[in-house]
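Spelled out from the first residue to the last, the chains are:
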Amino acid sequence: MKPPDPEFRERNRKERIWFVKKQAEWVRSVPNEVWSEHQCRMINALYAHKDQYPLTKKEYLDMIEKARLLSGRRKGSPPIPKRFRC
Amino acid sequence: MTIEKKGERLLIQNRHLSQLDLFVSRVLYTLTKYSPYVIVSGYVAILFGRSRSTEDIDILIPYCDLSLFHTIHDTFIEDGYEFLNAEDASGLYSILASGSAIRLCQKDSFIPNIEIKFIKNESDEYSFTNRIELIIDGKNFWISPLEIQIAFKFWLGSEKDIEDAIFIREVCRDVIDEDLIREFCLSFGVKYETS
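Line by line, the protein sequences are chains A and B. Residue numbers 1 to 86, in my numbering, belong to the letters of the first sequence in order. Residue numbers 1 to 195, in my numbering, belong to the letters of the second sequence in order.
Take these hints with a grain of salt, some might be off.
[What the hints assert, rightly or not] Think about it this way: if two alpha-carbon atoms lie no more than 16 Å apart in a straight line, the pair counts; the simulated EDC-like pairs of lysine to aspartate or glutamate are: (1) A:K22 x B:E170; (2) A:K57 x B:E4; (3) B:K139 x B:E4; (4) A:K58 x B:D179; (5) B:K191 x B:D174; (6) A:K50 x B:D108; (7) A:K57 x B:D179; (8) B:K107 x B:E125; (9) A:K50 x B:E55; (10) A:K57 x B:E170.
FYI, nobody ran anything at the bench for these hints, they're computed from the structure.
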């Protein structure tokens, strides 16, 4: 499969950030009962079949390890400001 | 969203709790009998309304000795939980002591799970020492200070982390110290305006 070109990826990144800001704006604008009910419904639906996960514990842990390696996340710990150092 | 700030505490009233929140709350209720903790990473964004789920909740605890860990381990097993890592209590303790994480879940249901680590560096230490008590309809969640959380997520750098950071910054802008986020970002070597 051909990976998406950099221009597409950048457009996609900006669009996702725009959406996150839009969502934050909506969460701020409605009472706690409203946003949390939406969130609850979504999360509970995702967990509806959590007991039928088709992997063994070991396969699951291996999968997480691989996903972490591929995530592009930094590892370790950045230096905190001097005034907070022990 | 209404977030009330009462002294050092943050309160969110009338928030519905999902299965994920209830699971975390049950685990923390047991854990706090033996050890303080701080929640870091993605679940903090979810607590403040980010519309995503997570399979694991990251928790830091201070270093404890093997005997206390045995007690914590046995209590969770008796309460119907299990550890995903195929080790007994001593083996799990060795994993923690080596700086790695162990995973706790409800028996036979490994999603969601709690990823537990010992505090091991200065940013962990800062998050723990300055943790904030978030109260959601009477349930307590001790979370990392939002300013370091936001900067740390920018530093981690994956799309999901950056989006979480932006979300927390936008939603919580009335209760965060923007200058402090900038100070952390400068120290971490990341741009504050990543978006």
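Against the structure, the hints:
Pair hint K22 of chain A plus E170 of chain B holds up; C-alpha atoms about 10 Å apart against a cutoff of 16 Å. Of the supplied pair hints, the one linking K57 of chain A and E4 of chain B is violated, its CA atoms being roughly 41 Å apart against a limit of 16 Å. Between K139 of chain B and E4 of chain B the CA atoms are separated by roughly 15 Å; this keeps the pair inside 16 Å, and the hint holds. Distance restraint check for K58 of chain A and D179 of chain B: the Cα-Cα separation of roughly 44 Å exceeds the 16 Å cut-off, and the hinted pair is therefore not satisfied.
Our distance criterion of 16 Å between C-alpha atoms is broken by K191 of chain B and D174 of chain B, whose separation comes to about 21 Å. This hinted pair checks out: K50 of chain A and D108 of chain B have alpha carbons roughly 10 Å apart, not beyond 16 Å. For a cut-off of 16 Å, the pair hint linking K57 of chain A to D179 of chain B is broken: about 43 Å separates their Cα positions. For the suggested pair K107 of chain B and E125 of chain B, the alpha carbons sit about 31 Å apart, so the restraint of at most 16 Å is broken.
Restraint check: the Cα-Cα separation between K50 of chain A and E55 of chain B comes to about 10 Å, which is no more than 16 Å; the hinted pair holds. Restraint check: the Cα-Cα separation between K57 of chain A and E170 of chain B comes to about 37 Å, which exceeds 16 Å; the hinted pair is violated.
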